[in-house]
Each structure stands twice: as C-alpha cells, then as structure tokens.
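Q: To convert a position in the sequence shown, counted from 1, into the working numbering, add 22.
Derived by calculation from the structure, the hints in this document are not laboratory data.
Ideal placement from N, C-alpha and C gives every residue a C-beta, glycine not left out.
Do not rely on the hints blindly, as some may be mistaken.
[As the list claims (entries may be wrong)] Each pair of labels, with its calculated beta carbon distance range:
1) Lys32 - Lys175: 20 to 26 Å
2) Glu94 - Asp170: 31 to 37 Å
3) Cys95 - Asp143: 14 to 20 Å
4) Thr149 - Lys61: 26 to 32 Å
5) Glu101 - Arg49: 34 to 40 Å
6) Ala106 - Lys160: 29 to 35 Å
7) Glu161 - Lys61: 38 to 44 Å
[Unchecked claim] With a straight-line Cα cutoff of 20 Å, these simulated EDC-like cross-link-like pairs (lysine to aspartate or glutamate) come out:
8) Lys96 - Glu109
9) Lys150 - Glu94
10) Lys37 - Glu94
11) Lys169 - Glu126
12) Lys130 - Glu94
13) Lys102 - Asp170
14) Lys37 - Glu121
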Amino acid sequence: MIYEGRILNKSCIEKRFIAYKFVDILRELGYIKYIVLKKETTDLIYIKKGNDKFFFNKNDTSSLLNVYAYKECKEIPTEKAESAGLETFFRFTDIIGRELVILEILHKYMEKYSDAIFYVDNGLYFTKQDIDRIYNLKEPDSEWIYKDPDTYKEKSK
Numbered sequence: 023m024i025y026e027g028r029i030l031n032k033s034c035i036e037k038r039f040i041a042y043k044f045v046d047i048l049r050e051l052g053y054i055k056y057i058v059l060k061k062e063t064t065d066l067i068y069i070k071k072g073n074d075k076f077f078f079n080k081n082d083t084s085s086l087l088n089v090y091a092y093k094e095c096k097e098i099p100t101e102k103a104e105s106a107g108l109e110t111f112f113r114f115t116d117i118i119g120r121e122l123v124i125l126e127i128l129h130k131y132m133e134k135y136s137d138a139i140f141y142v143d144n145g146l147y148f149t150k151q152d153i154d155r156i157y158n159l160k161e162p163d164s165e166w167i168y169k170d171p172d173t174y175k176e177k178s179k
C-alpha cells in the first residue's frame, strides 16, 4: 500500500508565494531540487538530501521525495477538511520509509505556517503541536505517521 500525506492550509491568495517558501525550507534543510515538472496547476518537486547537485542515481530512491505543490487548483481530501476551509497546498507521494524526512520538513514548515495541518491517507490529522511533540521525542519514531497523534500527548508530559 502507498500512503500519501498532504499539508493543508486555509485557502489564500498567497499560495504561489508559499510554494516558493516551501522550496526555500527544503534548501535550508539541505535538500536539493533535482527536477521540477511544471504543469498548469501543480509543480512536481523531486528532492534529495546531500551535496551532489549534478548526479542522480535512479537506483537510490530511498532519499528521494516527490512533492506536488498545488499553486492554483484546489484539492480537498475530505469533508472534514472542506468544512474547516482547508485545501491541499503540498502532497507527498509514497511516504512509506520517508516518515522521518517528512517529520523534519513539517516541523520547519509549521514553524512558519503554524495553522497548517498534515493529513495522511489513513485518516489522521496532525497539528503543529502534534508535530512539535513528535519531533522533540528523545528517540525518533519512524512509525509516527501510522499512530494517532494523541499517543504522543502522554509521552511529552
């Protein structure tokens, strides 16, 4: 099974600006943008951690992450999101095995956009407070995406 995750924000006219800020966050964390496929409504961003800007190993996909940046279109994953006025700004595809990378990116992103929500296809929603709790655990939990965020309220006390 392939899980996807989405960063949800309230609809706003700054969507294009936030997409560029997202790429800045990735660069700040040491990720390199390899390919951007521009479409009418989205950009597909492939990122990889490291310093090698010119070579891309097709067999090493473990550090690759695909992100769709929704600049103009509205994608609303659930009725709950719709009722809260949230829409997809970024969609991470195939997140299995990349949970800690996504946690790192979300933590940095939510420092700037604290009202953002992270939604996973398994029906779980994570707020900035949830992401902060998980990020600040003594031992990293690579299974965090599959657990109810309330699980971490006890561990943080």
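Q: Taking 29 to 35 Å as the hint, is the beta-carbon distance of Ala106 and Lys160 inside that range?
A: holds, 32 Å
Q: Given the hinted pair Lys169 and Glu126, is their Cα-Cα distance within 20 Å?
A: Answer holds: Lys169 to Glu126 is near 17 Å, not above 20 Å.
Q: Do the Cβ positions of Glu101 and Arg49 conform to the proposed distance bound of 34 to 40 Å?
A: holds, 35 Å
Q: Going straight from one Cα to the other, do Lys102 and Asp170 come out at no more than 20 Å?
A: holds, 17 Å
Q: Has the hinted range 26 to 32 Å been met by the Cβ atoms of Thr149 and Lys61?
A: holds, 30 Å
Q: Per the hint of 38 to 44 Å, is the separation of the Cβ atoms of Glu161 and Lys61 within bounds?
A: holds, 40 Å
Q: Does the Cβ distance between Glu94 and Asp170 fall inside 31 to 37 Å?
A: Check passed, 34 Å falls within 31 to 37 Å.
Q: Are Lys37 and Glu121 close enough, with their CA atoms no more than 20 Å apart?
A: violated, 25 Å
Q: Check the hint pairing Lys150 with Glu94 against an upper bound of 20 Å on the C-alpha distance.
A: violated, 24 Å
Q: Regarding Cys95 and Asp143, is the given constraint of 14 to 20 Å on their beta-carbon distance met?
A: Between Cys95 and Asp143, where Cβ atoms are some 19 Å apart, the hint holds.
Q: Holds or violated: Lys96 and Glu109, Cα atoms, limit 20 Å.
A: Distance ~6 Å between Lys96 and Glu109 Cα, so the pair holds.
Q: Is the hinted pair Lys130 and Glu94 satisfied, with a Cα-Cα distance of at most 20 Å?
A: Judged against 20 Å, a Cα distance of about 23 Å means the pair is violated.
Of the numbered hints given earlier, the model fails hints 9, 12, 14; all others are met.
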